[in-house]
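Trainee: Position chain B relative to chain A; hints supplied.
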Amino acid sequence: MKRWKSLLVLSSLSALLVGAIALGIALGAVPLSPFDADPTNRLILTQIRLPRVLLAALVGGALALCGAVMQGLFRNPLADPYLLGIASGATAGAALTIALHLDIYWGFVPLGAFLGGVLAVAIVYRVAQTRWARLDNYALILSGVALAALFSAVTSFLLFYGGAAHDARRLIFWILGGLGGAQWLYVFGVLGTLVVAGMVVLLFARDLNALALGEEMAAHLGIEPRHLRKILLVAVTLLTAVAVAVSGTIGFVGLIVPHILRLIVGPDHRLLLPVSALGGAVLLTLCDAVARTVLAPAELPLGIITALLGAPFFLFLLRRRAQIGATL
Amino acid sequence: MIRLERVRLGYDGRLVLRDLELEIAPGEVFGLVGPNGSGKTTLLRAISGRLSPHAGAIYLDLRRLSELSSRELARELAMLEQEISCSFDFTVREIVELGRLPHRARWQRLSRQDHEIVTRALWLTDTLPFADRSIQRLSSGERQRVWLALALAQEPKVLLLDEPTAHLDFNYQIEIMELVCSLAQEQNLTVLVSLHDLNWALHYTDRVALLSEGRVIALGEPERVLTEKLIEQVFRVRVRIVDGTGERYIVPLFGDLSPNPSPKVGGGFPLPVPGRGPGG
Numbered sequence: 000m001k002r003w004k005s006l007l008v009l010s011s012l013s014a015l016l017v018g019a020i021a022l023g024i025a026l027g028a029v030p031l032s033p034f035d036a037d038p039t040n041r042l043i044l045t046q047i048r049l050p051r052v053l054l055a056a057l058v059g060g061a062l063a064l065c066g067a068v069m070q071g072l073f074r075n076p077l078a079d080p081y082l083l084g085i086a087s088g089a090t091a092g093a094a095l096t097i098a099l100h101l102d103i104y105w106g107f108v109p110l111g112a113f114l115g116g117v118l119a120v121a122i123v124y125r126v127a128q129t130r131w132a133r134l135d136n137y138a139l140i141l142s143g144v145a146l147a148a149l150f151s152a153v154t155s156f157l158l159f160y161g162g163a164a165h166d167a168r169r170l171i172f173w174i175l176g177g178l179g180g181a182q183w184l185y186v187f188g189v190l191g192t193l194v195v196a197g198m199v200v201l202l203f204a205r206d207l208n209a210l211a212l213g214e215e216m217a218a219h220l221g222i223e224p225r226h227l228r229k230i231l232l233v234a235v236t237l238l239t240a241v242a243v244a245v246s247g248t249i250g251f252v253g254l255i256v257p258h259i260l261r262l263i264v265g266p267d268h269r270l271l272l273p274v275s276a277l278g279g280a281v282l283l284t285l286c287d288a289v290a291r292t293v294l295a296p297a298e299l300p301l302g303i304i305t306a307l308l309g310a311p312f313f314l315f316l317l318r319r320r321a322q323i324g325a326t327l
Numbered sequence: 000m001i002r003l004e005r006v007r008l009g010y011d012g013r014l015v016l017r018d019l020e021l022e023i024a025p026g027e028v029f030g031l032v033g034p035n036g037s038g039k040t041t042l043l044r045a046i047s048g049r050l051s052p053h054a055g056a057i058y059l060d061l062r063r064l065s066e067l068s069s070r071e072l073a074r075e076l077a078m079l080e081q082e083i084s085c086s087f088d089f090t091v092r093e094i095v096e097l098g099r100l101p102h103r104a105r106w107q108r109l110s111r112q113d114h115e116i117v118t119r120a121l122w123l124t125d126t127l128p129f130a131d132r133s134i135q136r137l138s139s140g141e142r143q144r145v146w147l148a149l150a151l152a153q154e155p156k157v158l159l160l161d162e163p164t165a166h167l168d169f170n171y172q173i174e175i176m177e178l179v180c181s182l183a184q185e186q187n188l189t190v191l192v193s194l195h196d197l198n199w200a201l202h203y204t205d206r207v208a209l210l211s212e213g214r215v216i217a218l219g220e221p222e223r224v225l226t227e228k229l230i231e232q233v234f235r236v237r238v239r240i241v242d243g244t245g246e247r248y249i250v251p252l253f254g255d256l257s258p259n260p261s262p263k264v265g266g267g268f269p270l271p272v273p274g275r276g277p278g279g
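Those sequence lines, one after another, are chains A and B.
Following numbering that gives the first Met the number 0, the numbering of the first sequence begins with 0 at its first residue and continues without gaps.
Following numbering that gives the first Met the number 0, the numbering of the second sequence begins with 0 at its first residue and continues without gaps.
Isolated chain B, as found in the complex:
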């Protein structure tokens, strides 16, 4: 379980997360949606422990995140950045083996059990057939599956994904989302995923949080959060939600930007730096 209590975080004097509250249950596929700059990536990085809040607290199960060392954290929680590149010519298996680092002391070799976990992660993501190929010779869809295998090899309880479908072709997007959802179910993983395409959120998540200017402005089942009215308000674009083949789809009405300015949910800019300003 992940719980955020009045988390406030920002850079260069600009607040990105404003007193954000959120609770995510174990085994849930939880989506984060919102316009660019609404704080999705910052929120994920905060939960990953890479950014520490200026105020408020993040709890993983019952422990405060700041109490955990980065190695302890890496055993509980895996995160895939939006764009991952590998600077040298490692093989797929070598990459996935890196997922065992937080479980092994510096001088320890990988045990037989480690190798089994790695092979299992490769198998679950269907990357076993090219386990000995170089990562640099794979398509972006295949590579995305390798990063997932790496995360699984960490044996985390929580998986944080920052726009895992970005830069992928349609077929790969579906493949990755299906895979993530089946893994969440089979491995009882908690998945927290940011998505820029609202349709993926609508189809694949159990619950979503709609972020705007660093706050959660709507939270709940995707069908209830992603409404025509709310999307128009936050994204300033008109959409229609249409039914087809028993599913619902969000369709943007191209070229029809909403005339209404976006709601100033958090009040005016700029906010004072926390700790110095009156609210800090």
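Only chain A is shown next, with the shape it has when bound in the complex:
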């Protein structure tokens, strides 16, 4: 893709993001304007609305970026940030915190979720490494699937018998994903991780391009695939785990955003990665605005909206791939 064209896409997506954020701030149970002088409205704006809208943008950006990296790493456009069991690990972590009644302390549920997510990926990585000596993609994906089932069983058990039942509503909301708990600390937490992880993955974007030709060919081009995979998996896992910790498991953003944008800007990861982050931010900001307003003052879990959008699209993708005879 030509340089001016990339700049055009980047700047129009940035403009869209600014627009989406402005819209997100204005919309809600209480309509707001940044110039509102009313003290109550100002408080709603600075303490509730603003952190929430920014968190939506950051989480959306983080998930889409991670999705793009995972798709490149696994050479598969159907990969997403939750491929290695991070979502079910995080959910089990959150359920365990609630079951142990630790949720009365501030910040323990997100912490439990973060640790659960990281633990899940760490186990998957170890299992795949020891069982197959040489770590390969299938081993990782299969261990991810198996571990996701295991952690889901743990969550269900805790939910029904293990004492997480007293706060089942909270847990369910968390499973479906949502930004109801948004606060400034979360905003800065995700922002910091996104900046650091984002810089790391951008630095390796060109290696991901070479990886599209397969691990052997990438190696012949001077890249060390194992090294690359380790670095990128650490970056993606930490970023996804932070996002999941503050927002629950919001599905499909990390899957469809990179996919759509790849159709528009092409597969070059040096452009695809930043563009995906921007696109994910736009999408989730808008979805969250819908979640807050459509049943206002009640709120729809964000995961329902992204899944309503994402699942049909996912099926469309599968169907299209089946038609052109491509393998998954």
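Hints may contain errors.
[Unchecked claim] SDA-like cross-link-like pairs, simulated, lysine to any residue; straight-line CA separation at most 25 Å: (1) A/K1 to B/L61; (2) A/K4 to B/R103; (3) A/K4 to B/Q107; (4) A/K4 to B/L109.
For the record, the hints were derived by calculation from the structure and aren't laboratory data.
Computed from a predicted structure; not experimentally measured.
Mentor: The following block gives chain B in isolation, referenced to the frame of chain A:
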């Protein structure tokens, strides 16, 4: 120049290369032939630096291969795997530009000189006309030429090709081999190519090594190595070498498997894992 000194390599306790010795001169088109499983691909991967020998050493010019980083190696040596697939919809030019990766630091953009090298590689392989087309919309013959362009963009001294004519139609096979040979001559490339079809080896290589069970059992000019007797011994199939239009052709006698068992050149299976066994 590539030199292999008593290279021993294997997987899962099975030796694939057994004390293999070989020396390949600069500018040479060197063929590797032998039955499936005789070690051709393993040998190429060892020279590419992807597999390291359990024992022995491989030298590129005067340096030991293991002393070079994978990036340094990618500047000296390009390898095309037998089957290359591209998982995303890159354009031909984007693919060939990947050949410049080992020459550029991670944060560097491609320079004007890089772009010139890429265009030249496209031109040499006659892929320039479809440089902006998607790789996934090309025929397999065209795609094979793109992989060659990628390798040339690396500006290597040595080109390793693993069965470049496999899965290609006849016309494309000839096209690729002609191209490789002319490139070797014009660019003074050392080409090491594994071939399953002995006729290609007979026509296009300067020297060939006949591999069997991980050893070189014959080495030299193709006419002297690829004899009826030796082919029958190693491949267990009867062939005739016939003359036609001033060229020689190897013709298999269909359905006539040789009754002789293949010669056990390397001794019995299984061999001990190197480093643990008595010979390691």
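Trainee: Against this structure, judge whether each hint is valid.
Mentor: Now the hints, each set against the structure:
| no. | hint | in the structure |
| --- | --- | --- |
| 1 | A/K1 to B/L61 | violated (42 Å) |
| 2 | A/K4 to B/R103 | holds (24 Å) |
| 3 | A/K4 to B/Q107 | holds (20 Å) |
| 4 | A/K4 to B/L109 | holds (17 Å) |
Violation of the numbered hints given earlier is confined to hint 1; every other hint is satisfied by the structure.
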